[in-house]
Structure formats: structure tokens, C-alpha cells
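K.L.:
The residues making up each chain are set out below.
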Amino acid sequence: MDTVLTIFRELGPTIYSSLELIGVYVILALSLNMINGMAGMFSIGHAGFWAVGAYSAAAVTVHGPVALGGPLLLVISIVVAMVAAGVAGFILAVPCLRLTGDYLAIVTLGFSIIIVTLLYNFEYMGAATGVSTPILASKGVIWFMVLLTLIVYYRLQFSSLGRTIQALREDEIAAQSVGLNRVRLKTIVFVIGAAMAGLAGALYASSQTYLSPAGFEFDKSIKLLTMVVLGGLGSITGVAVAAVLLTLLPEVLRLFSLDAYQMLVFSGMLLVMVLLRPQGLMGRYEIWDLPLLRRYWRPGGAESKS
Amino acid sequence: MYALIALGYTMVYGIIALINFAHGEFLMMGSFLGALLINRVQGTPLIVGLALAMVSSGLIAVVTERVAYKPLREQPKIFVLTAAIAVSVLLQNVARLIFGASAIAFPAAFPEGSINFDGLGIWIEYSQLIIVVLSVVLMVQLWYFVNKTKIGMAMRATAQDIEAARLMGINTDRIISITFYIGASLAGAVGVLYGMQYSVDPLMGVQPGLAAFVAAVLGGIGSLPGAMIGGVLIGVIENLVAGYLSSTYQSAITFLILILVLSIKPTGLLGRKTVVKV
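These protein sequence lines are chains H and C, in that order. In this text, residue positions in the first sequence follow our numbering: the first is 1, and each later residue adds one. In this text, residue positions in the second sequence follow our numbering: the first is 1, and each later residue adds one.
Chain C with its partners taken away, still in its complex shape (with noise of 0.2 Å):
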């Protein structure tokens, strides 16, 4: 789950060079709109709420990135990442407002009950299986998105050199704007499964959110595949903290590696050497 949160981030950052601090609110916001599409309207299939939330979190960000950071994109980093701070506190405030303060329960729409293999201990919920085939789905359609069509194309040439793509007469502005759709349609819809696993608050963003950055970094930022492998390694790093040590320390244990990978290896295991340019 972390890995197609990290999957957004990664993309974002690839392309602008920013570290997009809103993502995790993007995920809030996708998640409340699901919920409440599901449990105001009885009977709609769980496919409508994910799509709902796909389509709304990643409008959300496209009006985020032409609001706030369009306009200081040939300013000083700090600001575009004051402004990202900014929006993400403000996003969780206005959420806040409108759906209330308090946690809303997602409706059950997986079937209960879970595939035992007695003689390894281990069992698999249907839930947490449906949630993993969905995020395959979701990585394949996005690696062949990014890989073999023109867009696609568009887009890693903006990650590139971003003059030299415009000069190739490749709309910059509108790439950014699709990467940003595409980065928070999939944190929207990794918010609706994570809601379906927790409950859904204003606040849930921010755990996962940061979760996911520490793995975008651990996998190399703006690669692809380290996004993922940093995803699943933070995963399974968490689970193990939270299952032999106490779920409290978690998030100051994912900082800890965060800091750890960029004092000693600030590339991350599959990132490309940067080089300043003087």
C-alpha cells in the first residue's frame, strides 16, 4: 500500500523537484469522498467509490499544483515547500470542517473471512488480498502508462530537462498538471482501501503520507521500481515494529531510517547520482 502512495511522490518529485507534502491529504480527501459516496447512496459497488475517489483527489491536486506551487516555480525552493507544507495543514483543516473532526466508519464491502495455511500460522484476509491484487493493477496500468505511451514519453522527458522538453515542444505545464492527476488518483485511491482497513479522519493522511516518503527515499526518489521495493520494505519494517515492539514507536522508527538512509546513502538503494550544477 505504502509503495503506490510512494509511486506518487516519486512522480511528482521526479518531475518538479518537489517534495509534495499535500500527498498524504490528497489520499484523505479521495478517501472521505468514497466513504461517503458508498454510505450515503446504498448499493453502490465498491468499483464507483474508488473510481469517485480516484477522479476527485486527483482534481483536487491539479487545482493544488495551479494554485499554489504554478506560481512559484521559478522561485527559491523554500517557498514552493511552504507552500506545499501550507496546503496540507490547510487541506486538513478545511476536511475538518466539512466532514467533521470525528473518525467515520468505511461500510464493509469486502467479504469477511480469510484463507488459513494452518501449517505456516500465517492467514490472509480477503480484504488485505483484494488490496494487494488491486495495487498490481494499479502498478501495471501505471508502468505501462509511463513506459509505452506518448504521454508517458512526454513525461520522462519533462523529468529529464524540463527546457530542453518544453523547447521539444512538449507542453510542460500541462505534463506537470497529468502527473499530479495521476500521482493523487492513486494516493485517492489508496485512501479508500486504507479507509476500508481503519476508519477515515482528517488526519489519516499524515501517517501514511510520511510513511510513504520515507520509502520514495529508501527506494531512490524519482525511480519507479524503488518506490515500490522502498513501499514494501517500510511496510514490512512497520508491521514488524508495531507486532514486536509497540505500534507507538512506529512512525519515530520510520524516521529514524529516513535519516539513517540519507546520511548514508542519500541516493537511496536504486537512485541515479545527482550532480551540482555549478
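Just chain H, with the same shape it has in the complex (with noise of 0.2 Å):
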């Protein structure tokens, strides 16, 4: 009962304290959602793209303009890591649109152990000790991202482009057999998923004052991946929910003292919920497809259950 008490004492500061973390997880497992789940493409070296984003973003503030003053070099350094992860994105998108299942998979994870390998040698950047960055972006404006990606997301999903993307995802034969592109949304996909992961990285450099290359590694991916699967492959709000707790979880994990089992738990939880329960805790369902919620609130309508 005391354990339970002092999580609930200790919970609300902690989750005001970790407000900008959450807010940039929110938005990295949405990308990897965009990837993994809307196209079914599967990728897990997704913290490649969000090294990319943080270290370009990183590169702006630390070393850019800094007469322009706080809030433009906040965009400019916004801008910057889209674009940077965006073309990283379509970089690999080459190679990654001949393969399917494992191979891109691996090939993802060769992509962010390439990433975090130059990172460690990237002198300008402060090589393997990290780099100071200064804080610009407030909870307030991180919010407000996470916010504009999950309404930009909502859109794309339920736009003639997100059903392309789908109906790609559900049978790639069939699919091209009525005409999709298969190159080229698989290609928008990838690039808008990486340019995602720029963005929260960009947040993600300004609003914590360290980098390292140490933080983007391969248990950051898992991290990510844990999301996504917990959450349910292809549901907005499932996915964005999950994001929410498993950044409080090892928070939640420090008030014991039981850091140490972060990734334990993690993978345990991954691989528990792939025997289980494969389609995630909500599936394919968004939150407003609940039964509770359903009868006063349903913004998807019928056509939500794609």
C-alpha cells in the first residue's frame, strides 16, 4: 500500500518534470508508428533519424547565428533537422524499397549504428564526450508540436494518401496491381516518418542542455519499437498513450532503485506483448473507438476502424 501511495505522491512532479521528454517520445513513436505501423515497413533503427535531427538541430544552436535570438533560431534549427532527417530518410529509402521485412530491418539497424558510429567521430560535435546545447524550446512549445503532429498525422491517415499507404501495406501485390505507386509512396512514407523523427529531435536538442551520441543508441530504438507495439501498429492515440507511459516508466522504475532492469523490463514487456497480444493494447482502434467513449464522441466516425 506505501508503494502505491508513494508512486502517486511522487507521480505528478515527475510527470511535470519530464513534460518535454514525454512530448518529444510522443512525436518519435508517432514517426516510427508512420513507418512501422501505417506502412508496414519495418524499421528499427529509427533512433538513427532522431540523431540526425537532434545533431543538425544541435549544429544550428550551438554554432549558428546566435545574434537571430531564441525563438527564430529555434525555427531555423526546427527547419533545419526536418530537412537534414528528411534527406537521410530518402537516403535510405534506395536501398530500403527492394527489401522487405528482415533485411530492411536490418538494414535500418545498420543505418543508426552507422549514425551513432560517425557521431562518436565527429569532432565538431564533440565527438564521444557530447555537446552543451542551450534551452529554447518551453513545454509549452513542445506541446504545441505534439499537438500539430498528431492533427497532421489524423490527416494524413485518413487522406487518400494514407489509404493508398495502407492499402499497400495490406496486400503490396494486389496494391500495385491497381495502379499505386509502390516507389513512391513507400518513399513519402519513409521520408515524412525520418522528417518526423528530425522534429522531435530538433525538441529534443533544445530542450535538453547535453547530447551524446550514447543517448541514440540501439536501446533507444527498442525503446521506441516497445512503444509502438504496446500501443497497437498503426493507432494514433494507442500508440501516442504508450509513448506517454513507457517515458514515465523508468522514472516510475528510479523511485525503487530499480534503473538497472530499464531494459529488462522493456524488452520483457516487448516480447510479452508479441506473444500475447501482436496487435498492441488498442489494435487498430483509436481511443474514441472505445465503447465508453463511443456513444458520446466519434470525430473518426465509422470509417475510423481502417
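Calculated directly from the structure, the hints in this document are not laboratory data. Honestly, I wouldn't trust all of these hints.
[What the hints assert, rightly or not] Distance condition first, Cα-Cα at most 25 Å in a straight line; then the derived SDA-like pairs of lysine to any residue:
#1 Lys70(C) <-> Gly162(H)
#2 Lys77(C) <-> Met263(H)
#3 Lys150(C) <-> Leu180(H)
#4 Lys70(C) <-> Lys139(H)
#5 Lys77(C) <-> Ala174(H)
#6 Lys77(C) <-> Lys139(H)
#7 Lys77(C) <-> Leu180(H)
#8 Lys77(C) <-> Leu275(H)
#9 Lys70(C) <-> Gly268(H)
#10 Lys70(C) <-> Tyr103(H)
#11 Lys139(H) <-> Leu276(H)
#12 Lys77(C) <-> Leu99(H)
#13 Lys77(C) <-> Leu248(H)
#14 Lys77(C) <-> Thr164(H)
#15 Lys77(C) <-> Ala93(H)
#16 Lys77(C) <-> Gly130(H)
[What the hints assert, rightly or not] Computed Cβ-Cβ distance ranges for the label pairs, DEER-style:
#17 Leu150(H) <-> Leu97(C): 48 to 54 Å
#18 Pro65(H) <-> Val94(C): 47 to 53 Å
#19 Pro71(H) <-> Gly100(C): 45 to 51 Å
#20 Ile264(C) <-> Gln176(H): 19 to 25 Å
Don't be surprised by glycine CBs; every beta carbon is placed ideally from N, CA and C.
Hey, can you piece these two chains together into the complex? The hints should help.
P.N.:
Given below as C-alpha cells:
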């Protein structure tokens, strides 16, 4: 009973102090959900795009024209980060388009390892010691961006582009035979997903005081993957909620000084989810599809069960 | 050495078309158990440690297959792959929990010294020589097993067409378990050899595991001779990179090779063309 009380007493301040991180992870998990869930391309190196975004944004805010002042610098760094990560996504999309399933996964993993290796050797941005970054983004800015991402994602998923992409996921051969351009669609998804991860990277860089290559290693990709699988591949709200919960999980573990077991918990959770409920907590449903809410609020309408 | 690990990958992939992410972790587990036995019990001969490592990582692999992969065999590939990644990270952290996070040294079981070819400027250490000899012995045994025994024939049949093999009265579940066992015990053997050259720690499986996977792809995944050639090539390339560039770039270069191979010749050097059934 005491432990439960401790959790509740500590939860409020913990949530407040990690609001920035939660926001960043929500955007990240959504961007991975776009590639993994919406398009059905299995990427396990997503932290690589995040790293590209964070480092290119940091390059602007640390070495860039400081005279411009905070807000403008932040905007520039976000744009630069999104473009950089988008370009990285485009470059990676070229070899990936010919591949499916596990090969694709391995290539994305390789990509993230290459990125981290390069960062470890990148003297300009502090190499292995990392780089200190100015704090430019407030909680408000980050959550505004989260909201924006959610809206854009929602609009995209139920747009005709989103539906064609989902058709491609369901049956590639059938979709191609009705004239969908597989290469074009997959590239688009990859670039959008990567650019979104770049946005998360920019927000991360300007809400943390310090960046180092160790922060973008494979365990972060696993964390993101757990969020997407837990939330339900393809579900927007499911993944967003899972991202919030799983970002808080290490903080809760820290209360009991169990943080050494963090990755054990994440990987165990991933395995259990895949074995027992591979469709995730939400499946492809959204929060407003839950029976309780559905009677009062149905923004997606009957169509939302895509 | 990569060739031996790559063989395990290729066998598992050949039979159920799954990239077994946890393969490097089987290597790590075998290495730990072998090292512990030799360290704790004074005077244990190397060969006993090696045997224990092979048996234990084989058993871990069979359990993994039964618990994590078998229930998902009918599911989309994505889920099996996710399970494999999860198992890999899980095993790393379990090992960290049991054995501690710090590296332990392997006892020196080999005679020190080396054979010198002064004229050529090459020297081969005894330990390296023993590794090569052991690898060759294991490979020959594997070749014999796959090509000449009944179980080997059943394995090849299952790899060809799992449904048809089942209809022909082959117990495919058993064959898959055996494949996992053999692949992982090879990895366990490599774990001991690898541990002797460097040291033993919970993350030691990651780098050789990935490099061996790239080797398997390079040689054409599913092909045993291909895996050997790929393993040798990757080993040579990594040593060249470490020698002339910097060892920090090793894994980056390995993956660059992977991406290039996959975009230029996805079937690898000795791979067969795969046909997508509609």
C-alpha cells in the first residue's frame, strides 16, 4: 500500500518534470508508427533519424547565428533538423525499397549504427564527450508541436494518400495491380516519418542541456519499438498513450532504484506483448473507438476502423 | 571465426526464414558458462569448457525457439522479428543480472608464443592456430552432418518446403529445434574461442553477431559454403579497416558492406534467386 502511495505522491512532480521528454517521445513514437504501423515497413533503427535531427538542430543552435535570438533560432533549427532527417530518410529509402521484412529491419539497424559511429568520431560536435546545447524550447512549444503532429498525422491517415499507403501495407501485390506506385508511396512515408523524427530530435536538442552519441544507441530504438507495439501498430492514440506511459516507466522504476532493470523491463514487455497480444493494447482502434467513449464522441466515425 | 557464427545464422534462416537476432547472445551465454566452469573448477581442460558452452547455448536456443518463436510461426514475419529482438535484449540484460556488467577475463588455456615467418613478416600465435584448426574441424563435421546423415537430409527437405516435408512424415518441429541447437552450439563454441582472445561480457555477442549476419548475407543467406566465404571475407575486411583506418569504424564499414550488397546483389555471392509467390 505504501508503495502505491509513493508512486502517486511522486507521480505528479515526475510527470511535470519530464513533460518535455514525454512530448519528444510521443512525436518519435508517432513517427515510427507511421513507418512501421501505417506503411508496414519494419524499421528498427529509428533512433538514427532522431540523432540526425538532434545533432543538426544542435549544430544550428550551438554554432549558428546566435544573434538572431532564441525563437527564430529554434524555428531555423527545427526546419534544418526536419530537412536533414528527411534527406537521410530519402537516402535510406533507396536501398530499402527493394527489401522487405527482416532485410529492411537489418538495414535500418545498420543505418542507425553507422550514424552513431559517425557521431562518436565527429569532432565538430564534441565526438564521444557530447555537446552542451542551449535550452530554447519550453514545455508549451513542445506540446504545441505534439498537438500539431497529432493533427497532421490524423489528417494524413484518413486522407487518400494515407489510405493508399495502408492498402499497400495490406497487400502489396494487389495494391500494385490497381496501379499504386509502390516506390513513390514508400519513399514518401519514409521521408515523412524521418522528418517527424527529425522534429523530435530538434525539440530534444533544445530542451536538454546536453547531447551525446550514447543517447541514440540501439536501446532507444528498442524503446520506441516497444511503444509502438504496446500501443498497437497503426493506432495513433494508442501509440501516443503508450509513449506517455513508457516514458514515465523509467522514472517510476527510479523511485524504487530499479533503473538498472530498465531494458530488462522493456524487452520483456516487448516479448510478452508480441506473444500474447501482437495487435497491441489498442489494435488498430483509436481511443474514440472504445465503447465507453463511442456513445458520445466519434470524430473518426465508422470509418476510423481502417 | 565469423564463418562459424554465420553458419548458424544461415542454417536457421534457411529453415524458417527468420533472422535470429539473438544469435550473438547465444554466443555470449556459451562464452560465460564456459569461462565460469574453467575459472571456478581448477584444472578443467579446455575441451570440457568448450563442450559445456556448446551444450548450454544449444539448450538456451532450443528453449528460446520453443517459447518465443514457435507460437509465432503462423504470424506475420514482423512479429517473429520483434520477438527475436526482444529475446536478444532480454538475454543481454539477464546475463548482466546474473554475471554482472563488468567483463571477466578468460583464463589462459593456450600455450603462449607464436610461429614466426620472419622473411614474410607474418607471425601466427598458437591460439590463433588452434582457433583455425577447431573451426575447420567443426565445419567439416557440420558438412558431414548436413549432407550425409538422415537428420541432415530431413533438414534440407524442411528448408526446401516446410509443408511438403511435414506431409512426407518429417517431424518439422523437431528438425527446427535441432537446427537451432546446432546453430547455437556452434555459436557457443565461437563464444569460448572469442572470449579467450578478448574478454567475456554481457554485450560481447552484439558485434560478432551482427558481423556474422552480414557475412551470411554477403555469402548468400541460406547457403553453407556462402556463409563460410562471407565469414572469411568480413573477417579480413574488418581487420584491414582496424589496421589502416580505425577500429571505431569497424561496425560502420560492416553495415556499409551490407547495404551495398543488398542494393546491388541481394542474393549474395552464392545465393539462389528467390521467387515471390503470388
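K.L.:
Evaluate each hint against the coordinates.
P.N.:
We went through each hint and held it up to the structure:
1. Lys70(C) <-> Gly162(H): 34 Å, violated
2. Lys77(C) <-> Met263(H): 23 Å, holds
3. Lys150(C) <-> Leu180(H): The given pair, whose Cα atoms are some 48 Å apart, is violated under the 25 Å limit.
4. Lys70(C) <-> Lys139(H): Violated, because 45 Å separates the two Cα atoms, which is more than 25 Å.
5. Lys77(C) <-> Ala174(H): Given pair Lys77(C), Ala174(H) holds - Cα atoms ~19 Å apart, limit 25 Å.
6. Lys77(C) <-> Lys139(H): Measuring from Cα to Cα gives roughly 39 Å; hence the hint is violated.
7. Lys77(C) <-> Leu180(H): It holds: about 23 Å lies between the C-alpha atoms, which stays within 25 Å.
8. Lys77(C) <-> Leu275(H): With a Cα-Cα distance of about 13 Å, the restraint between Lys77(C) and Leu275(H) holds, given a limit of 25 Å.
9. Lys70(C) <-> Gly268(H): 17 Å, holds
10. Lys70(C) <-> Tyr103(H): 21 Å, holds
11. Lys139(H) <-> Leu276(H): Judged against 25 Å, a Cα distance of about 36 Å means the pair is violated.
12. Lys77(C) <-> Leu99(H): 13 Å, holds
13. Lys77(C) <-> Leu248(H): Outside the cut-off at roughly 30 Å; violated.
14. Lys77(C) <-> Thr164(H): Holds, at about 22 Å.
15. Lys77(C) <-> Ala93(H): 20 Å, holds
16. Lys77(C) <-> Gly130(H): 37 Å, violated
17. Leu150(H) <-> Leu97(C): 48 to 54 Å: 38 Å, violated
18. Pro65(H) <-> Val94(C): 47 to 53 Å: 50 Å, holds
19. Pro71(H) <-> Gly100(C): 45 to 51 Å: Given range 45 to 51 Å: holds, Cβ gap about 48 Å.
20. Ile264(C) <-> Gln176(H): 19 to 25 Å: 23 Å, holds
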